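Engineer: Each chain, letter by letter, is given below.
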Amino acid sequence: MIGKAQEAIIMVEILDIVIAGLLMGGIYALIAVGLSLQFGVAHVLNIAHGEFIMLGAFVTWWLYTQLGIDPLVSLAICGPIVFIIGFVLYRTLFTRLRTSSPSPAAFEGNSMLACFGLLFIIQNVAILIWGADIKGYSYLAVPVNLGGAVFAANRLLTLGFAIIIGVVFYLFLARTRLGKAIRAAAQDPAAAGLMGVNINQVLALCFGFGALMAGFGGTLISISYKIQPTMGLEYTVIALIVIVLGGLGSIPGSFLGGLLLGLVGSIVTYIEPGLSLVAYYVIFMLLLLVRPTGILGK
Amino acid sequence: MDISRFTSKRSVLSGSAILIIFFLLATFPLYSPGYTVVLLISIFMYIIITVSWTMFSGPTGYISLAPAAFFGVGVYTSALLGFVLPLPAVIGIGGLVSFCLALLVGALTLRLRGIYFVMFTFGLVELLLHFILWWEVNITGTTGRVVPTVDNTTVYYLMVIIFAILMLTAYFIKHSKFGLALQSIGEYEEAAAHTGVNVTALKTVTFAISAFFMGAAGATMATRWTYIDPRIAFNPLLSFMPVLMAIFGGMGQLYGPIIGAAIFTYLEEFLITRFPYYYMLIFGIIMVVAILYMPDGLVGLLQKLWKRISGTKYADT
Numbered sequence: 001m002i003g004k005a006q007e008a009i010i011m012v013e014i015l016d017i018v019i020a021g022l023l024m025g026g027i028y029a030l031i032a033v034g035l036s037l038q039f040g041v042a043h044v045l046n047i048a049h050g051e052f053i054m055l056g057a058f059v060t061w062w063l064y065t066q067l068g069i070d071p072l073v074s075l076a077i078c079g080p081i082v083f084i085i086g087f088v089l090y091r092t093l094f095t096r097l098r099t100s101s102p103s104p105a106a107f108e109g110n111s112m113l114a115c116f117g118l119l120f121i122i123q124n125v126a127i128l129i130w131g132a133d134i135k136g137y138s139y140l141a142v143p144v145n146l147g148g149a150v151f152a153a154n155r156l157l158t159l160g161f162a163i164i165i166g167v168v169f170y171l172f173l174a175r176t177r178l179g180k181a182i183r184a185a186a187q188d189p190a191a192a193g194l195m196g197v198n199i200n201q202v203l204a205l206c207f208g209f210g211a212l213m214a215g216f217g218g219t220l221i222s223i224s225y226k227i228q229p230t231m232g233l234e235y236t237v238i239a240l241i242v243i244v245l246g247g248l249g250s251i252p253g254s255f256l257g258g259l260l261l262g263l264v265g266s267i268v269t270y271i272e273p274g275l276s277l278v279a280y281y282v283i284f285m286l287l288l289l290v291r292p293t294g295i296l297g298k
Numbered sequence: 299m300d301i302s303r304f305t306s307k308r309s310v311l312s313g314s315a316i317l318i319i320f321f322l323l324a325t326f327p328l329y330s331p332g333y334t335v336v337l338l339i340s341i342f343m344y345i346i347i348t349v350s351w352t353m354f355s356g357p358t359g360y361i362s363l364a365p366a367a368f369f370g371v372g373v374y375t376s377a378l379l380g381f382v383l384p385l386p387a388v389i390g391i392g393g394l395v396s397f398c399l400a401l402l403v404g405a406l407t408l409r410l411r412g413i414y415f416v417m418f419t420f421g422l423v424e425l426l427l428h429f430i431l432w433w434e435v436n437i438t439g440t441t442g443r444v445v446p447t448v449d450n451t452t453v454y455y456l457m458v459i460i461f462a463i464l465m466l467t468a469y470f471i472k473h474s475k476f477g478l479a480l481q482s483i484g485e486y487e488e489a490a491a492h493t494g495v496n497v498t499a500l501k502t503v504t505f506a507i508s509a510f511f512m513g514a515a516g517a518t519m520a521t522r523w524t525y526i527d528p529r530i531a532f533n534p535l536l537s538f539m540p541v542l543m544a545i546f547g548g549m550g551q552l553y554g555p556i557i558g559a560a561i562f563t564y565l566e567e568f569l570i571t572r573f574p575y576y577y578m579l580i581f582g583i584i585m586v587v588a589i590l591y592m593p594d595g596l597v598g599l600l601q602k603l604w605k606r607i608s609g610t611k612y613a614d615t
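Keeping their order, the protein sequence lines are chains U and D. The numbers in the numbering used here rise by one with no breaks, and the one at position 209 of the first sequence is 209. The numbers in the numbering used here rise by one with no breaks, and the one at position 223 of the second sequence is 521.
Honestly, the hints are just simulated from the structure, not real lab data. Quick caveat, the model's predicted, so the values are computed rather than measured. Treat the hints with caution; some may be incorrect.
Chain D is nowhere near these chain U residues, computed Cβ spacing over 12 Å in every case [as the list claims (entries may be wrong)]: (1) Phe39; (2) Val142; (3) Asn145; (4) Ala181; (5) Gly193; (6) Leu240; (7) Ile243; (8) Val264.
Away from chain D, derived, C-beta distances all over 10 Å, residues of chain U [stated by the list, open to error]: (9) Lys4; (10) Thr65; (11) Ile84; (12) Gly109; (13) Asn110; (14) Gly117; (15) Tyr139; (16) Ala153; (17) Tyr170; (18) Val197; (19) Val237; (20) Tyr270; (21) Val282; (22) Leu288; (23) Leu289; (24) Pro292.
Label-pair restraints from in silico Cβ distances [stated by the list, open to error]: (25) Val150/U / Tyr414/D: 54 to 60 Å; (26) Asp188/U / Phe321/D: 56 to 62 Å; (27) Arg572/D / Asp70/U: 52 to 58 Å; (28) Ala324/D / Val88/U: 33 to 39 Å; (29) Tyr270/U / Thr440/D: 22 to 28 Å; (30) Phe568/D / Gly193/U: 45 to 51 Å; (31) Arg572/D / Leu178/U: 47 to 53 Å; (32) Ile69/U / Pro331/D: 36 to 42 Å; (33) Met195/U / Asn436/D: 46 to 52 Å; (34) Leu599/D / Ile129/U: 51 to 57 Å; (35) Glu567/D / Leu67/U: 38 to 44 Å; (36) Thr524/D / Asp188/U: 36 to 42 Å; (37) Arg606/D / Gly136/U: 42 to 48 Å.
All C-beta atoms in this analysis are idealised placements derived from N, C-alpha and C, irrespective of residue type, glycine included.
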């Protein structure tokens, strides 16, 4: 009898860890898919990715607290705003860098450094507009019982949306003509250009879609977590770790990597709360040394 | 035209200019107000980090985001040994610990190319930061440490000495066959390896030498702060700043990064107390503009202008 009761407690605890990991992992997956698209196809290692997330989160917060617009409606507002910013940035800044850089490797280096500049610009504009304080709001914070483990409804909603967005985007890449053009550009931009793909347009769209994912991610993050203008870098770093884990440029890999990293974080947090970030970095550095192509990379 | 006489005359001129600059720097605290000395100390801190960053990353093209890690290791050495050993020994050990860490990291990672190397070096800073933070909270139970303070004039002279040694080292590396080999790695690594350059050893040693100076600067600067914690010591901004300063100044010449670092530190001192967010905003804008329009930095831009004004075919360097 005692054995069975203990077993049940352990089962609930394991369920607790797994679900908490998946809830976190869903967001990681979404933002990593965005970064993966920007790096894998457009070859911009967007260090300012987290700033786009922050923008999404703050616009959602602002719309909800000022105008009372539901955060789920904001998904349809924030995403396009951030998409346009990303698209325009690529058409102007990064296209210029791409044509003036002597080699693809030089473009990767230069565009990354330009992103550092963007990081400081976006972050400080946000501070000037919204102030440097931590913000937050309460939305759907009702508890939900999942087989003994209790979670807030907003987090489950976040995971649900992250998965839906991920799947829709995957179908878009796999089934549509534009998706095919994007995949072609990822494999060989020069050859894709020769086959009639408007390469500047496709790369800019990719960068924009990456920003779109960040915007969606930001909205979903603002539903369940506190936000502040300096939150970006942490999410950028996590997205970086995930895309290395999943294999640079592999979109399904990034999605799986995100869920996996969420699980790892949840397990480490259970064992030793302070060490989850340290564990992320250890995994990251070991991966870079042992298998830089990641779990699904070639 | 006798080119050798021309160059020797030039080198005598620049040599005496350098001597005069160092004489001015050495006597500076005797006749200037205390605040200027403090400002010069921070300028020297950034100059040392930027020049040593450029020493490795300039010719090879490997963008290292590890300066904050090496600097932080120096700071922590100072905090741990400051009460036990005399300051020069602490600075030397701080540099050596960074040197050894860089040797280890370099040997492990310098086979990573391009963006992987950037990510790894940045990961190193964050890993050390969060690990030490966790260690202090959970194992020692206290966050932060006290560092024995030293008066400003001493710190100033120490920074000048480190700067002088760094410039000599950078000059000799740049003008020796090692500098040439480093340059060849940056241009075409496979070709360099095939012409007999021991690519890995050369990269690792240069990386470690540059880390030595960052560590030494960290150990010296720690005495100015009296109290340090992991977030001060391993501030990621210290990894980004040297990259920006070197690009802004121009990496083609040894004095390019010095000019970049001096301008930005002065700008920081001037703006950060009054308009901190505007300062960071301007910082970002300058960074983007510098990358877009000034591929050879301020020095390259001035040379191009000079070329246009004087009408000579080759810019005078």
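Engineer: Any of the earlier hints contradicted here, and which numbers?
Structural biologist: Failing hints, ascending: 1, 6, 7, 12, 13, 14, 19, 21, 22, 23, 24, 25, 27, 28, 32, 33, 34, 36, 37.
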